[in-house]
Amino acid sequence: MTAGVADAGSRTPQPDISGTVPLPERVAVVVFVVAPILGLLGAVPFLWGWGLGWTDVAIFAFLYPLNALGITVGYHRHFTHGGFKAKRWLRIALAILGGQAMQGSVVRWVADHRRHHKYSDQEGDPHSPWAYGPGVWGLTKGLYHAHMGWLFSKDRTSRSKYAPDLLKDRDIRFLSLDPVYAVIVLSTFLVPMGLGALLTQSWHGALTALFWAGLMRVFVGEHVTFSINSICHVFGKEDFRTRDKARNVWWLAIPSFGESWHNLHHADPTCARHGVLKGQIDISARVIWLFERLGWVWDVRWPDHDRLAARRVTADRADPASTPASANANGEAA
Numbered sequence: 007m008t009a010g011v012a013d014a015g016s017r018t019p020q021p022d023i024s025g026t027v028p029l030p031e032r033v034a035v036v037v038f039v040v041a042p043i044l045g046l047l048g049a050v051p052f053l054w055g056w057g058l059g060w061t062d063v064a065i066f067a068f069l070y071p072l073n074a075l076g077i078t079v080g081y082h083r084h085f086t087h088g089g090f091k092a093k094r095w096l097r098i099a100l101a102i103l104g105g106q107a108m109q110g111s112v113v114r115w116v117a118d119h120r121r122h123h124k125y126s127d128q129e130g131d132p133h134s135p136w137a138y139g140p141g142v143w144g145l146t147k148g149l150y151h152a153h154m155g156w157l158f159s160k161d162r163t164s165r166s167k168y169a170p171d172l173l174k175d176r177d178i179r180f181l182s183l184d185p186v187y188a189v190i191v192l193s194t195f196l197v198p199m200g201l202g203a204l205l206t207q208s209w210h211g212a213l214t215a216l217f218w219a220g221l222m223r224v225f226v227g228e229h230v231t232f233s234i235n236s237i238c239h240v241f242g243k244e245d246f247r248t249r250d251k252a253r254n255v256w257w258l259a260i261p262s263f264g265e266s267w268h269n270l271h272h273a274d275p276t277c278a279r280h281g282v283l284k285g286q287i288d289i290s291a292r293v294i295w296l297f298e299r300l301g302w303v304w305d306v307r308w309p310d311h312d313r314l315a316a317r318r319v320t321a322d323r324a325d326p327a328s329t330p331a332s333a334n335a336n337g338e339a340a
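Under my numbering, the first residue of the sequence shown is numbered 7, with each subsequent residue one higher.
Among the hints, a few may not be true.
To be verified - The calculated label-pair distances, taken between Cβ atoms and stated as ranges, are:
id	residue 1	residue 2	range
1	Leu296	Asp177	36 to 44 angstroms
2	His123	Lys160	33 to 41 angstroms
3	Asp310	Gly285	43 to 51 angstroms
4	Thr146	Thr206	16 to 24 angstroms
5	Gln128	Leu300	39 to 47 angstroms
6	Leu204	Gly285	37 to 45 angstroms
7	Lys243	Gly88	24 to 32 angstroms
8	Lys124	Gly301	49 to 57 angstroms
9	Gly200	Gly141	46 to 54 angstroms
10	Ser193	Ala316	25 to 33 angstroms
11	His210	Asp177	33 to 41 angstroms
12	Thr206	Lys243	24 to 32 angstroms
In case anyone wonders, no lab produced these hints; they're calculated from the structure. Think of the CB as a built atom: it goes at the ideal place given N, C-alpha and C, for glycine as much as any other residue.
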């Protein structure tokens, strides 16, 4: 199956599969993905009956960026693509924070994403929105598949093939063990609940924090990430040449912390900065820049002007705003 060609019955090449996902794990996916949606549907009566306080908002605002950066800076740009090297304690912290986003253990997440890049929008891509072909119905099914439907697949990406480096890392392998990851998942709910109880000195505050800064935080974080898989492979602008349909979606840039500058990412996957053109806000790249200044990370793969310029779809050399931004001494877009 090539991008845009329907082949709903196609199977992923066998070398990329290591058995099937056990039934309990598939049930967990249903619980972790569907439960937040049901929670959102219950938000209105919950709000009327219990209320939403500033404490809940503050806890959400504190925890959401931490877990989002665990995914964008940690799982994605560091562990998957090696956009920079990091100190051991930071690698562990990023793996835990990313795990609290409840998108899977770091080894599983990395294996799936590396496979996605290998087969992007072709047969073998675990979450291409073009799996069912073009047309309204095909694209509708494809968007659902790319957004969250692929999570229910019984096929599991081979970790030994796609993440052998992480399996050799004692710390990361330990954090990806099922019992350890289960504790990390549990903490994503106990932390906001504990903060709510501490700040309000009440069970009511603990429960509202659990709902808004726990369940709803997971819901928002998951579906922002899912949108990169679905929306950013169908809609948006193409500034750089890629072999797939990855696009830039500007209105997702802030909630995704810069991940929605997806077109550049697929043109230059190891680049630590995705928003390389003028006006493209990339919060994750700024955090990496800060880590570099603090000496916590090094060998950062900042944008290379010549390499990116060669990939431009239409580059007006006379307009500085239309040329790729090279990194200056601070890792900032020039």
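In this structure, is the beta-carbon distance linking Gly200 and Gly141 contained in 46 to 54 angstroms?
-> 49 angstroms, holds
Does the hinted range 39 to 47 angstroms hold for Gln128 and Leu300 at CB?
-> 40 angstroms, holds
Ser193 versus Ala316 beta-carbon gap, inside 25 to 33 angstroms or not | With Cβ atoms ~45 angstroms apart, the hint is violated.
Falls inside 16 to 24 angstroms, the C-beta gap from Thr146 to Thr206?
-> Distance hint for Thr146, Thr206 is violated at roughly 44 angstroms.
Within 43 to 51 angstroms or not, the Cβ separation of Asp310 and Gly285?
-> Cβ of Asp310 to Cβ of Gly285: about 20 angstroms, so the range 43 to 51 angstroms is violated.
Does the hinted range 24 to 32 angstroms hold for Thr206 and Lys243 at CB?
-> With Cβ atoms ~45 angstroms apart, the hint is violated.
Evaluate the given range 33 to 41 angstroms for the C-beta pair formed by His123 and Lys160.
-> The hint (33 to 41 angstroms, Cβ to Cβ) is violated, given that His123 and Lys160 are roughly 22 angstroms apart.
Per the hint of 49 to 57 angstroms, is the separation of the Cβ atoms of Lys124 and Gly301 within bounds?
-> 34 angstroms, violated
Take a look at whether the Cβ-Cβ distance between His210 and Asp177 falls inside 33 to 41 angstroms.
-> 39 angstroms, holds
Just tell me: holds or violated, for the beta carbon distance of Leu296 and Asp177 against 36 to 44 angstroms?
-> Violated, since Leu296 and Asp177 (Cβ atoms, about 23 angstroms apart) do not stay within the stated range.
That 37 to 45 angstroms hint for Leu204 and Gly285 (C-beta), does it hold up?
-> 41 angstroms, holds
Distance restraint evaluation - Lys243, Gly88, Cβ atoms, bounds 24 to 32 angstroms | 27 angstroms, holds
Checked against the numbered hints given earlier, this structure breaks hints 1, 2, 3, 4, 8, 10 and 12; the rest are met.
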